[in-house]
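Build the full structure now, drawing on both the sequences and the hints.
Protein chains in written order, with the numbering used here: chain A, 18 to 454; chain B, 3 to 264.
Calculated from the structure, these hints are not laboratory results.
Given the structure is predicted, the values throughout are model-derived calculations rather than measurements.
Check the hints yourself; a few may be wrong.
What the hints assert, rightly or not - With the Cβ distance kept under 8 Å, some of the chain B side facing chain A (calculated, not the full set):
1) Ala-50
2) Cys-204
3) Tyr-207
4) Arg-209
Just so it is clear, CB atoms sit at the ideal spot from N, CA and C, and this is done for glycine as well.
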Amino acid sequence: MSGRGTKTIRVDTLARVEGEGSLYIKLVGERVADVKLKIYEPPRFFEAFLRGRHFSEAPDITARICGICPIAYQMSAIHAIERALGTRIDPTVRLLRRLFYCGEWIESHTLHVYMLHAPDFLGYQDAIAMARDHRAVVERALRLKKIGNRIVTLLGGREIHPISAAVGGFYKVPTKQQLRELVEDLEWALDASLETARWTANLEFPDFEQDYEFVALRHPDEYPFNEGRLVSNRGLDIDAAEYEDHFVEMHVKHSNALHSVVRGRGSYLVGPLARFNLNFDKLPEVARQVSREIKLALPVKNPFRSIMVRSVEIVFACAEALRIVGEYEPPPTPRVEVPNQAGVGQAITEAPRGILYHRYAMDEKGLIIAAKIIPPTSQNQKRIEDDLRDYAMRLVAWPLEEASWKCEQAIRNYDPCISCATHSLKVVIEREEAPRE
Amino acid sequence: MSSKAKHKPKIAIFKFASCDGCQLSLLDAEDELLDVVGAVDIVYFPEATRTMLNGPYDIGFVEGSVTTHQDAQRIQEVRRKCKTLITIGACATAGGIQALRNWKDVDEFIRVVYATPMWISTLKLSTPIAEHVPVDFELRGCPINKYQLIELFTATLAGRKPNIPTHSVCMECKRRATVCIAVARGTPCLGPVTQAGCGALCPSYDRGCYGCYGPMETPNTASLTSQFRALGQVDEQIVRAFRGFNAWSWQFRKASEGCEHL
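Following this line, the structure appears as structure tokens:
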């Protein structure tokens, strides 16, 4: 593909992301002519085959969209169905769901911070190579990640595709003693997460800021997991039921994942940066304090600093888990019975990578007649392309190999989960001389 | 690279249509990870590393099912490059949950999800890897059990047969002394026909097994179907029970189709 005046970089598969995709950038002279984040992960058609299944199966089936954040799928599915059917859950069940999410955030964020993202900053191909020089750091990461997984396993039976979450509650809830046994690990984890935040602050960040529309849940009393209004820094303030009036999904030719835009405005950002900027006041003091210590000033508009924000969210998740474990008293019953009836319900919860929208319609037998699922990575997809359009301009003079690694890093700022978005990444940078005027 | 390192077996991990969960199981083996990766050379594992060496490989692990024309070709290439090929997880061993398309009109599915169906290229069926190429070992599960993965890893490196039982989930319930929920409470449970591997999790969490590890060695699905009917399940429910993550395995497929009245 190399003609006169054209340079092309090809990296066959973008690494350290979940799923399969590629990036194509065309540079014409000093100008970025085209950016396409291509998602070639094969489509799996969950929304189609959920039709005809009983609502009680939705949490188990949709979990299989993503092995990295199955709890997010279970939570959005359960909340949407409970809203459709008017189910009222026990306050302790609500608390346990928050704890469940803490486990997933700790596990998923730790994986990304240390094993997928940090190697870019330190110039390693992967965390295994990084472990040769930074063994203690990688061991801390593994132990922290394991504690996240321990929470998930205790509540859900196993780390990946846990089996206990149900519409109406849990199949089984832990005893008080079982949760108390987590305290020692969680206290260690809280310290380790603070160390993590300080450690990320020492990385080098490119001077790159963007003017984002941040979109996240906001709850009156809490840093958001399962509940809240959907808000943005540009005046959005809606209920989950209004989501589809404000956001549009577009099918673009180069991607098996649908692109989302805010109606009338364009791309937007979901995930740690959005949550942090919109909900800083809801973080516990320990998380706010470390944010100040590592000089994370609001609003954070440099996407490379998402690694710092992710670490602060691990601090939050550890502190929140400790709080919940401390006040837990088992609910009178693990779950309430949810009778079959017709209804439509929507819910948004905060997956580690950002908001995850589900809508279900059921018939009177409780069978699903329509489903819609909008994962965070498809919402960020267009925003990633917008970042790259701007960022690639700075790389025009760089050697192609380095430029493409930098672009990969910029994609990994979003911790993209491509398995989710289709319900991967190959980098191609093409250079052409500018045509003479 | 030292000369000793050169003799380490070269490992590759490939992904087809899947959720990434089974390959994540390796990274979830936090206590064993550094030892495992120290014993081998992981030279292709895009989820975890930018290093991507072209084969040949000593052992290839494949996650995911074949659902596109490109992947049907790619698996041939992968097989040629791997001395030993091991499939991991229900997608790779049975076609996965996405095999639910196999009973439906996939073109209609595309129209449900995508605005411009002509841009989507997919096969009518989601099929396991072994329908395309010879496979040396199939590790079951949705997701796989990380301890079974490590056992398989160790056994393969040592050149011995892995110790992966093929009896039913019922045996695991007995072993952990879980009271049978099908007998004691009348909860429909796929345990009697499902291969062990999860540790009989669901019954220990007061719910029936839903078949993550696929059919056991010699499953009596006809008997279980009668038992489900006796517990008051209608055929529509029995079809759904067998049509989960291992729906396209021939034993579960036969069982579900036997209850379908079209």
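Hint-by-hint comparison with the structure:
no.	hint	result
1	Ala-50	holds (6 Å)
2	Cys-204	holds (5 Å)
3	Tyr-207	holds (4 Å)
4	Arg-209	holds (4 Å)
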